[in-house]
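Chemist: Generate coordinates for the entire structure from the input sequences, incorporating the hints supplied.
Single-letter residue listing:
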Amino acid sequence: MRGEFKKLNNLVARNIKLYFKDKMMFFCSLITPIILIVLFLAFLGTTYKTSLINCLPEGIQLSDKVINGFTGGWLFSSILATSCITVAFCSNMIVMDKINKSVLDFQIAPVKKTTLQISYVISNFLTTFLICGIAVVVGFVYLGIVGWFLSFVDVLLLLVNMVVSILFGTLLSSVVWLFVSSQGALSAVCTMVSSMYGFLCGAYMPIGSMGSGVRAVVSFFPGTYGTVLFRQVYMGGVLEEIANAGVPPQVLMEIKKGFDGTFIFFNHEVPSWAMYVIMCSTVAALFGILVLCIFLKNKKKKPSKLVPNKSEAN
Amino acid sequence: MKNIIEIKNLKKYFKDVVAVDDISFQVREGELFAFLGLNGAGKSTTINIICNALAKDSGQVFVDGLSIDEDMQSIQPKLGVVFQHSVLDDKLSVLDNLKFRANLYDMPKSQFQENLKFLAEKLEFDDILKRPLNKLSGGQKRRIDIARALIHNPRVLILDEPTTGLDPKTRILVWQLITQLRKDKSMTVFLTTHYMEEAAEADYVVIIDGGKIVAKDTPNNLKNQFAYDFIKIYQFDNKLLDILKKKKIEFNQQKEFIEIEMKNTQEAKKFLVENQESIFDFEVVKGKMDNVFLNVTGKHLKEF
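Protein chains in written order, with the numbering used here: chain A, 14 to 327; chain B, 5 to 308.
Possibly wrong hints are sitting among the right ones.
What the simulated footprint calls covered on chain B by chain A, stretch by stretch (three residues with Cβ under 8 Å from a Cβ of chain A suffice, anywhere in the stretch; the number is not a length) [stated by the list, open to error]:
#1 74 to 85
#2 92 to 98
#3 101 to 111
#4 179 to 185
Derived DSS-like pairs: lysine-lysine, alpha-carbon spacing no greater than 30 Å straight-line [said to hold, decoys possible]:
#5 310/A / 30/A
#6 251/B / 114/A
#7 173/B / 121/B
#8 125/A / 121/B
#9 36/A / 95/B
In short, the hints are calculated from the structure, not lab data. On a predicted model such as this, the values are computed, not experimentally measured, just so you know. The beta-carbon is built from N, C-alpha and C at its ideal position, and this holds for glycine as well.
Modeler: Here's what the structure looks like:
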């Protein structure tokens, strides 16, 4: 058991080192956060700043610190909401090992298949946590400069959200990659996840501004609740500050709805605890699916149907 | 000598294609065993089954008396495998590749350092330990593949076409190390190769074609059975040519000699005695493994 644990540690260390040495893979997994930052700098920042100001009733003015804290919080909640999933998808080494045939080298070594598969999940979680952790630190520095409104509890909740979302991304990608073993399929899935997930979870544009049909669809997608939880953490403090500036509760509610500070599921506001329940249940379900898939894959394959040798048949 | 590998009635199918068709053979401990066949003959499939990379359909495989169906965990440390294509991590350094692999064999650090030092010296890669694999030449990469297979002191080294595409210097290095390990540690070598001169050095040869074993014996017995002898006659008088034409014996006339194919050494001896007055300088050349392979399978190995 102890020996197997040492082998697990060794494999996790190898997977993480290999990921960071593979510059192409590292860069690919950072594409989504980079796109978001570029979009924010190009026009999203100004657009949301203008939208927020337009929402305010006449006579109420917000300081630059509040406005920048609000848009900055929106940007970094988007980055975190997408990165926890897209980085997890693009940094899972299992599929690269299958493509490069390195997995063959582990199959012939005295290491259990389950240990090998667990090592991919753990290393995937750790690399994603590390990259998202860097994004959080960068976000803190940015918000510290333009406008900091996060409490200690917010920071703790942010860590909890990160862990739950990364678990969601890691387990989802581990299930998907279990069935992929070609470069073509890898590129297709990575491109699809990187480009679509940002829209699906409301990272590029708020879910509140989507059409009612799309909103109904994304409300059944667990990642949406992950995004809203990040928004609540990053924007909770600054929304309180906006309320303190004299903004009426109805207007504040509209701002929350418009910027995904809350989520309305068929005319009912979803409380935060329910969002945590949804995310945690999804993580538990994905864990169950992954364990089942690994169990079925590791079960000894039945011999392929025996057919007579053609020469013998003749 | 006991059998280190025993294969009984092994079968493997890929859908309706028969990859390995009911083959049985043994490899004795410490011997150099050559497994010959064209691409697609079933060599790599057999190797992959022995080392657990592929599931068999039926039959039995034993390594050191242990069944691969029941004791694979105990068998794996006994095997070292060099695959046809490198399975190491291109982006990692030579040292990292060997270290991460060695750690899977419950090896103490001091043992790893000792093995690494020995292999780096013998295979001449101590100066490239920190270099990533993708910055190495083909020959250097192959040496690291071989070092990886040997890092845990396996009892059986399986080499799947290890020297294909290697420069002569590297090939000599690799064979020197293998010869030393066989001598010092009684290591068994299971080799598949396209190089007939390598197969000719083997203690035992199995030839596989279309998933079936078509011949198995020592190289010398195989040559005696399947390869013809040749008489090369360098100096002769013209009477000999008349005799050959009269007796309708086929011969191949080269610039400096004529070459006559003989069924076996006895026939060659008889021919030389009968015509000794017309033959002044000659040599009898035994058939080579190329001829054995050609005569057994009807195919030229070097075409592939």
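Chemist: For each hint, tell me whether it holds in the structure or not.
Modeler: Hint by hint, here is what the structure shows:
Here the region 74 to 85 of chain B counts 5 residues with a CB under 8 Å from a CB of chain A, which clears the bar of 3, and the coverage holds. For the region 92 to 98 of chain B, the stated coverage by chain A holds: 5 residues have a C-beta nearer than 8 Å to a C-beta of that chain, and at least 3 were required. Given as covered by chain A, the region 101 to 111 of chain B passes the check, having 6 residues with a CB less than 8 Å from a CB of that chain where 3 are the minimum. Look at the region 179 to 185 of chain B against chain A: 0 of its residues bring a Cβ nearer than 8 Å to a Cβ of that chain, fewer than three, so the hint is violated.
Note on residue 310/A and residue 30/A: the hinted pairing holds, with a Cα-Cα distance of about 27 Å set against a maximum of 30 Å. Between residue 251/B and residue 114/A the alpha-carbon distance is near 60 Å, which puts this suggested pair outside the 30 Å criterion. Taken as a hint, the residue 173/B and residue 121/B pair is honoured in the structure, with Cα atoms around 21 Å apart against an allowance of 30 Å. Taking the CA atoms of residue 125/A and residue 121/B, the gap is near 29 Å; set against the 30 Å cutoff, the hint holds.
About 9 Å separates the Cα atoms of residue 36/A and residue 95/B, which keeps this hinted pair within 30 Å; it holds.
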